[in-house]
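With the hints as a guide, dock the two chains, each given alone in a separate frame, to form the complex.
Chains as they are written, first to last, in our numbering: chain C, 1 to 135; chain E, 1 to 556.
FYI, nobody ran anything at the bench for these hints, they're computed from the structure.
From a predicted model like this one, the values you see are computed outputs, not experimental measurements.
Hints should not be assumed to be uniformly reliable.
[Claimed, not checked] Distance condition first, Cα-Cα at most 16 Å in a straight line; then the derived EDC-like pairs of lysine to aspartate or glutamate: (1) E:LYS80 to E:ASP520; (2) E:LYS542 to E:GLU512; (3) E:LYS542 to E:GLU527; (4) C:LYS114 to E:GLU140; (5) E:LYS167 to E:ASP137; (6) E:LYS175 to E:ASP137; (7) E:LYS165 to C:ASP60; (8) E:LYS175 to E:GLU199; (9) E:LYS190 to E:GLU140; (10) E:LYS245 to C:ASP60; (11) E:LYS222 to E:ASP281; (12) E:LYS257 to C:ASP38; (13) E:LYS37 to C:ASP38; (14) E:LYS190 to E:ASP218.
[As the list claims (entries may be wrong)] Computed Cβ-Cβ distance ranges for the label pairs, DEER-style: (15) E:GLU531 to C:SER129: 49 to 57 Å; (16) C:SER129 to E:ALA475: 54 to 62 Å; (17) E:ASP444 to C:SER129: 39 to 47 Å; (18) C:LEU44 to E:ALA174: 27 to 35 Å; (19) E:GLY537 to C:LEU44: 55 to 63 Å; (20) C:SER129 to E:GLN24: 23 to 31 Å.
[Claimed, not checked] Derived coverage of chain E by chain C (criterion: at least 3 residues anywhere in the stretch with Cβ under 8 Å from a Cβ of chain C; other residues may be distant): (21) 33-40; (22) 272-279.
Note that beta-carbon positions come from the ideal geometry of N, C-alpha and C, so glycine has one too.
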Amino acid sequence: MAFKKDWNTQMDVIVTDSGFSADTWSVETTLSFASETDPENLILPKAIQRVVITFPNFADGRGFTLARLLRLRGYTGILRAKGPIISDQYAMARRSGFDEIAISQAQALRQPEKDWLFRSNWTAHSYQSRLQASG
Amino acid sequence: MYQYNGFDTAFLKERNLQFRDQVQRRISGALSEEEFKPLRLMNGLYLQLHAYMLRVAIPYGTLNSAQMTALASIAEKWDKGYGHFTTRQNIQFNWPKLQDVPDILDALAEVEMHAIQTSGNTIRNVTADHFAGAAADEIEDPRPYAELLRQWSTDHPEFQFMPRKFKIAVSGSAKDRAVTRAHDIGLLLKKRGAEIGFEVIIGGGLGRTPMIGKTLCDFLPKSDLLPYVEAIVSVWNLLGRRDNKYKSRIKITVHEKGLQEIQRLVLQRFSELRPQFKGQDQTFLNALKKAFATPAWIDTPTTTFHENYATYPNFKSWVDINTSPHRNNDYAIATVSLKTPGQTPGDASSAQMRVVAQLAKTYSHDELRISHAQNIVLPHVHKSHLFALYNGLYPAGLATANAGLISDIIACPGMDYCALATARSIPVAQEIALRFKALKLEHDIGPLQIKISGCINACGHHHVGHIGILGLDRAGVENYQITLGGDATETATIGERAGPGFDASTIVSAIERVVFTYLDLRLSYLETFIETFRRVGAPPFKAALYPDASEGKNAA
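Extracted from the complex, chain E is given alone in its bound form (with noise of 0.2 Å):
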């Protein structure tokens, strides 16, 4: 893992005095609110609909055992005692007070976090494949690219007073599991023949406007990462429209100007930029490398974990469903599930913190990460160590075997929290989960990704949910629409939307049919739902979704 260098802790301290100097100022009326605003959120700190939120970065969703017990000591101290891992890999807390902001800043960087540019039109925290290091068909480790734009990125003296935020997202493996396409940049490394280099994806993202992103260069050398990472932005920070808050996101400059366009324009800015670039970017990457270094695996039998596994149904069930194809084939990936039915997708306590943190020193390499599903992956444990992590998790409430099943529900804070939702999220997700935990079916269903988002932003990423749920409001009542047949993987895709929304007391059963169509045609239990509707299309859902209706009717 990445550590501090003296630079960066010189940097990290300076800055959290002039933010505690920031803050005095707004007390103090030197700063106005208007002025102070973008000061805060490019320190991650938002105001919320009922109280200040902090949202602190896990860059590229890593972190190690020290860091995850002071983020437990930060909910304990200074907020209600937990935090909640959000889809971009970060943490936030709901309930600071903004004079002890400073002081909880200043604990982050004891433990070398920050939450700068988690917020605000600044390019934000750079998110990673959270198997990265680990994942059996990974090409090359994506974090010591993402570290190296973390460390351009950060306090970029163009680039923090931009159009509107900028995300971006990398990784190593064909298998996207970071929504790459779903980023205003996505950096796949790829082969070709012995060369490893970027595909570099623009334009993407949810929101108002789903875009899938489109490949700006199909080819990127490694060595030019910076500076074409920083023609793009350079470009459209002059570009981007700053008249529309809806409209200034890349994916609608590239929409409006055409993907040619923009390459011409990205290619003459490199130009210009490449020279600047003279060499150390491409030292710091090296060590970077080293950095990431795979950790030194131990080398024991496995037979306990072979024994345990045909000995305990629940711990093979577990195995089966919660843990991924590692590496080193005596290793297994591991993801903790923050989703058991009925609790709230993505909180920790800071007991569950604790223990997590505690697991991963004894087991996991001291690693652990966040993953984009709003889950905690111990990314390197070695089989005849599984057992007692799933031991050790149970009584914590952490070893619920749904990875990637129904229950496994990606949901934003919607409006029990969020100052721009208009309609609630967690209660929907508590309800399928705990539906379908009644029905026993969750596992006879198999994948199956639900995400629910509670307003047109997205951040719970229904448009690319196999079934993705919108809540909106309408005429003061929540009203909940349907998506169908999203993607969020390399084969990314946007869903349709079904029809015409139901209310909160329906829409738990309007899933349910969904789900039961799905069993029905499916054409064995090999079969995925997404591959169902693939194969079938929208129409018999929509049947079953709306039985009443006439064709032609649901024009909503």
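Chain C on its own, in the form it takes in the complex (with noise of 0.2 Å):
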């Protein structure tokens, strides 16, 4: 889906492997974990279906760690990164275990749709899932 100027302006932008799309989800209905989260209490109730893990600036990749043990511990809904990701940061956040990105529309206009989706191919050359495959 084409990004769309004319969206809400606080309004982050999602980014999955088909390209941009807008956010459809309420904050009543999702649980955020900042990155300084202790991993001990990155446990979850199992009806929760939705998750966030905030990232403070790129540069900072505790996120994918945090998102990693998640899927561990057997989260198995959507899990989103949100903050100022680049697109550069797209396969790594997807092979890290989030489903999607959520970036602001600033973000959206600067690094374009067409930039994330050269790194839709996350799951290629991924030498991490090639020495986890069974022996």
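Printed below as a string of structure tokens:
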């Protein structure tokens, strides 16, 4: 879906493998974790199906490890990364267990949809999934 | 040696395309300089004092003649005809242009080399004993494990934006030639009964707060290597401080949280990660062991070697000093010195790289190594070839007999190149080497490691030099502090500061006084500098350094 400039200016742009879309989540239905969350507290009630992990800045990679831990601990719902993440980190986010990324409209303007789609092949060329395959 | 498979080749091609695109987007403005910086760093590209610098990985220090020849060509085509070998088994090109870098990376890919994660807050080039697979004292070749770690850490999605850089070294011998105890993780292969496993050491490092690593796990089963290392990095990625880059390395995390707490957290994380490794890593490992199998040794008489050794004193001297015992008695490990007095330590010209590549192809089963001491090693030279090798090295200025001696100095690039440096390192190294050459005392002095850093970050390993020199800036004037008694080996020790620093015009004479003190005090020529230092302690050396000082006045 193409990015529309007439969206609410406060609204994030959601990035998935198929490109940009509008944010349809409401705050009430999601659970949010900050990057500084102690992993010992990273446990979810089963009913939760929408989780956000926030990134304070793009150079702070704690969220990638938190995402992986959530998946290892059995979370199967939708996992969203939110913050000033750049398109070059899209594959890292997907491989760590995120389904989608919420970026600001300003970020979406500077890094257009094609920059993100460039890394939508994130399952390819992964040393880690090769090494973790069954022997 | 390891050769890329289809996966490696495709990965690298894709990665280089991504970087080419990132360079374009930086030029177009789609990426800010702030955003581009970590991306160029994780592809080895620094911005230095005068120009960009490209740091190319030589994984675990191993390369073949085609790779060395390609490095020579890159230096000629895109740089100024030389390269600089570093203490972490990388080569640095000091003058590439930004727009040329994607082409340089493609040229590297043609010989299965890259610059990935040689910088940035990532897991850096995995280093290993430069005598791996050749040393007589080796328990097991560490390189298959180092290559496994290279693959695991390459583009690891969780570990590209960590609190700080993360360095891993692997050694397969009780003799530590890889400075493993000064790494974020040091892995030592060791035997327990018939079984071989890893001692895992964490939290070593030099820099502003030098620390010797501590044993996190005394004996790790080899098959647990990847999940265990991943657990350590995962724990630190969340726990490591991001508020202060001088307190972000794992050595500080271990220091602040305590080893036991880190052990508890790592074991907890390990229990979550272990089931994720279902065996394919071990299948790959077995293939890697075959790739690193020993070459087919040649079996010819060594008579001519013994004749030449007895006949030519310069050759004898080079053999005595620059060769080390090989696991095959008919072979030797030859160190090619990049430390001829007067030269920049660790630099090699394109012509020299080509000469040594050709010699390695002819006389060392096509293998070369780069040592952390910034020399080149030919690991497998049949003794009958040593004389021809020596005669091939000599005209290229590569036959200096000084491995491990006072002029075999480790030095960082210092203020001649580096944006972080506070003082020059290279001229100090050159002057010390030339001074002792003029004195003709080098061989009498024997094994002595001088290591020089041009700033507190300690890239020149000064803390673990028998004599360490740290160049600082004191109100715009270079000032050199001396540390004594450091040790980079299995008995790793941080040297102690001798006292106030010296300026550029007096540092060489100060080092001379330290060395003369050793020559006066040693019990015989068999007692090395570090042995004498340990026997008598620092006081006589301090007295020689500061003859006019009364006690207690030297707190700088």
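Hints and how they fare:
Between LYS80 (chain E) and ASP520 (chain E), the direct Cα distance comes to roughly 45 Å. Violation of the 16 Å bound is thereby established for this hinted pair. With a C-alpha separation of about 13 Å, the suggested pair LYS542 (chain E) and GLU512 (chain E) falls inside the 16 Å cut-off, and the hint holds. The suggested pairing of LYS542 (chain E) with GLU527 (chain E) is violated, with an alpha-carbon distance near 20 Å, which exceeds 16 Å. As the CA atoms of LYS114 (chain C) and GLU140 (chain E) are separated by approximately 49 Å, the hinted pair breaks the 16 Å bound.
Restraint check for LYS167 (chain E) and ASP137 (chain E): not satisfied, since their Cα atoms lie roughly 25 Å apart, outside the 16 Å limit. Taken as a hint, the LYS175 (chain E) and ASP137 (chain E) pair is honoured in the structure, with Cα atoms around 8 Å apart against an allowance of 16 Å. Note on LYS165 (chain E) and ASP60 (chain C): the hinted pairing holds, with a Cα-Cα distance of about 13 Å set against a maximum of 16 Å. Our distance criterion of 16 Å between C-alpha atoms is met by LYS175 (chain E) and GLU199 (chain E), whose separation comes to about 14 Å.
Between LYS190 (chain E) and GLU140 (chain E) the alpha-carbon distance is near 8 Å, which keeps this suggested pair within the 16 Å criterion. Distance restraint check for LYS245 (chain E) and ASP60 (chain C): the Cα-Cα separation of roughly 13 Å lies within the 16 Å cut-off, and the hinted pair is therefore satisfied. Proximity of LYS222 (chain E) to ASP281 (chain E) is assessed by CA-CA distance (about 11 Å); at most 16 Å being required, the pair is judged to hold. A distance of roughly 14 Å separates the Cα atoms of LYS257 (chain E) and ASP38 (chain C); the hinted pair therefore holds under the 16 Å criterion.
Distance check on the hinted pair: LYS37 (chain E) and ASP38 (chain C) sit about 29 Å apart at the alpha-carbon level, beyond 16 Å; violated. The hinted pair formed by LYS190 (chain E) and ASP218 (chain E) meets the criterion: a straight-line CA distance of about 10 Å does not exceed 16 Å. In this structure, GLU531 (chain E) and SER129 (chain C) meet the distance hint of 49 to 57 Å, their C-beta atoms being roughly 51 Å apart. The hinted range of 54 to 62 Å is satisfied by SER129 (chain C) and ALA475 (chain E), whose Cβ atoms lie roughly 55 Å apart.
Judged by the Cβ atoms, the range 39 to 47 Å given for ASP444 (chain E) and SER129 (chain C) is violated: they are separated by roughly 58 Å. Roughly 48 Å separates the CB atoms of LEU44 (chain C) and ALA174 (chain E), a value that falls outside the hinted 27 to 35 Å. At about 60 Å, the beta-carbon gap between GLY537 (chain E) and LEU44 (chain C) stays in the expected band of 55 to 63 Å. Between SER129 (chain C) and GLN24 (chain E) the Cβ separation comes to about 28 Å, which falls inside the hinted range of 23 to 31 Å.
Here the segment 33-40 of chain E counts 3 residues with a CB under 8 Å from a CB of chain C, which clears the bar of 3, and the coverage holds. Counting residues of the segment 272-279 of chain E whose beta carbon lies closer than 8 Å to any beta carbon of chain C gives 6, which reaches the threshold of three, so the coverage claim holds.
When held up to the earlier numbered hints, the structure conflicts with 1, 3, 4, 5, 13, 17, 18 and fits the remainder.
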